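The two chains are supplied separately, each in an independent frame; assemble them into the complex guided by the hints.
Order-wise, the sequence lines are chains L and A. Quick note: the first sequence uses the UniProt record's numbering, first residue 1, plus one each step. Quick note: the second sequence uses the UniProt record's numbering, first residue 1, plus one each step.
Fair warning: there could be bad hints in the mix.
[Stated by the list, open to error] With beta-carbon atoms standing in for the labels, derived distance ranges: (1) L/E181 to A/D158: 30 to 40 angstroms; (2) L/A158 to A/D158: 48 to 58 angstroms; (3) L/E181 to A/E30: 50 to 60 angstroms.
[Stated by the list, open to error] Taking beta-carbon pairs under 10 angstroms as the criterion, some of the chain A residues facing chain L (in silico): (4) A34; (5) S36; (6) L72; (7) G73; (8) M74; (9) F80; (10) Q93; (11) V133; (12) M144; (13) R145; (14) P146; (15) G147; (16) L156; (17) D157; (18) V167.
Simulated from the structure, these hints should not be mistaken for lab results. The structure presented is a predicted model; accordingly, all values stated were derived computationally and were not measured. We put the beta carbon where it would ideally sit given N, CA and C, even for glycine.
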Amino acid sequence: MTLPRGFKAKAEREAERLRGELGLGAAAALPLDRLAEHLGVTLVSGDELVDRDRLEEIERLQAFAFSAATFIIQGRTFVVTNPLRSPGRLASDVAHEFAHTILNHELAEVREIDGVPFRTCLPDEEEQATAFGGTLLLPRPLLMLAARRGDGPVEIAADCGVTLEMARFRYNTTGVARQAERRSV
Amino acid sequence: MTPAVDDGREPRGGDVERLDVSQLGRLVRERRGAQSLRQAAADAGVSFSTMSRVEGGAQPDLASFTALCAWLGMPPSRFFSPVTERPQQPLEQAIAHISADPALTTEASAAISSVLKEMYATLAKANPLAKPVVACHLRAASVMRPGVPQRLGSLLDDMNAALVARVAKEGAR
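Chain A on its own, in the form it takes in the complex (with noise of 0.2 angstroms):
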């Protein structure tokens, strides 16, 4: 397997560059390098057109997305918090304690930082990533430019309101 261009760090305030949607082309042009972009497609398990479409900056429907993430070695929350404005998480600042800790040598705070990391993915509950804006059948593309999946999304929203409404005043009758 290739490695990913995730490098595995985590995410620290002014250090890490800000990742959101807009990046996932460049990254998955980066993490693909010199591979073919139809082997890329078969290897991250999504259609050659929504790769190439991607690549040039496209957002792609949510089965692909996770798909590309998974191919990055990237939880999909990485593209959304902008680093520079996350608050710091419990396990950071008790990592930062522990580092900080005289009583401790490098190599034991590194060896309780290291338990308690993996004590905390396994037991922190995962945040729910997405909530559902509306629920229909869509005919639309499944690639779209940027701005389009804003617009659509709130676009299905105000249908459904609409509908809603059309459906509770017909019942008032």
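Chain L with its partners taken away, still in its complex shape (with noise of 0.2 angstroms):
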């Protein structure tokens, strides 16, 4: 499964107009509660709508089996977080939801087959609100001044609320810091 020709870029010219649409500097964090209301999104937290019990038992059973949804309730569009994970995890969770928003991607459904839900799912919108999440989230300027400033994976990380993998992923698969070392030389 490969992404169509051409995302990756159009993700990153979206994620800069959307952080020019909020006012952003190219290397601040994006506030997601911010991201949230202009985009017309309600985030709620998993817990004010059912039990916690129930969120701690599926996370029992399978750790990561639940992260976040969105839901559209008469043309408004909610996305359910899951209280359990980290700050750093949450951010990742919640790009991703915004990421279908934003792409316009049909709601998939869960569906019951005798009884037995089935999670239905389209791969291929799926890996596209996964990349679209992270250069939200990290964009390739920000990583460049970071690059540029020495700051790794780690600092990035924690400069901007994500998780560490999350920071690494986005700093490999650019290549920012291959590029920021031949600008020094």
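What follows is the structure, given as structure tokens:
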């Protein structure tokens, strides 16, 4: 499975546009609550809707089984998060869900066959949302500035409130470290 | 193409092992045989990790489940109805009557049954297998351990209901 041709560049442009609309500087961390407001999305913690015990039970059965979900109710968009997640992981989950909204992905359905629910998903759209979510949190100009400062994934993760895995992934796959190195020579 | 596990027999009360979704893993393992996990996953059209986890007893997402059923040569419905409790279908009743008719030879009843099966398969309206529980974008594990899908299904259903109630309440203000 691969992303459509030009998707990564388009994601960078879109992330830049949204950050511009929010009046953010190139090096600023993305405030997800402000982006939610900007997109007209309501963020809701899962334990505001159901007992926290139920979320904990699912987590005990399988770690990371449920992270987040987007519902559209009478034209309003709600992103429901799992309160058991760390702040960094929560940021990835929320950015992933926002990506679905920004990319205008149709809602997939959880379907039931003889009482057994099955998750339906469009693997291409999930991959796009994951890639775009990462770009929203850590766009290339932000990474480039950090790399020029000599910051690595650890500093980027701490500054931007994302997981080390996310910072490492974006830092390595965008090639900013090599680019910054070349410029400094 | 390698033969599927399904031998094509119609399920009949008592003499066919009951299948359910938890047995998917065992059947997939049997069907794979000596084939490598990677090759079998490619043949079935699912990812390596999905194949591996399903063999370990986890439930795949709907697209993977459908692909695995096709690879096994089994209709998805066979994983749900307990055979011993399944009422006799009209086609099975008709074939039983024809087989028992003394006016027909074995060959004649087999020929009529075959025509009936073919016509039934073509003309009978397919049963809707699935109804949506809830529509949402879901960030969750793509393969779930036993017990998780049911709990997650009802959790999403209740979250949806709570949000509907919230919107209605806000609208009434």
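Hint by hint, here is what the structure shows:
no., hint, verdict
1, L/E181 to A/D158: 30 to 40 angstroms, "52 angstroms, violated"
2, L/A158 to A/D158: 48 to 58 angstroms, "36 angstroms, violated"
3, L/E181 to A/E30: 50 to 60 angstroms, "53 angstroms, holds"
4, A34, "28 angstroms, violated"
5, S36, "21 angstroms, violated"
6, L72, "16 angstroms, violated"
7, G73, "18 angstroms, violated"
8, M74, "13 angstroms, violated"
9, F80, "4 angstroms, holds"
10, Q93, "23 angstroms, violated"
11, V133, "5 angstroms, holds"
12, M144, "6 angstroms, holds"
13, R145, "4 angstroms, holds"
14, P146, "8 angstroms, holds"
15, G147, "5 angstroms, holds"
16, L156, "6 angstroms, holds"
17, D157, "8 angstroms, holds"
18, V167, "5 angstroms, holds"
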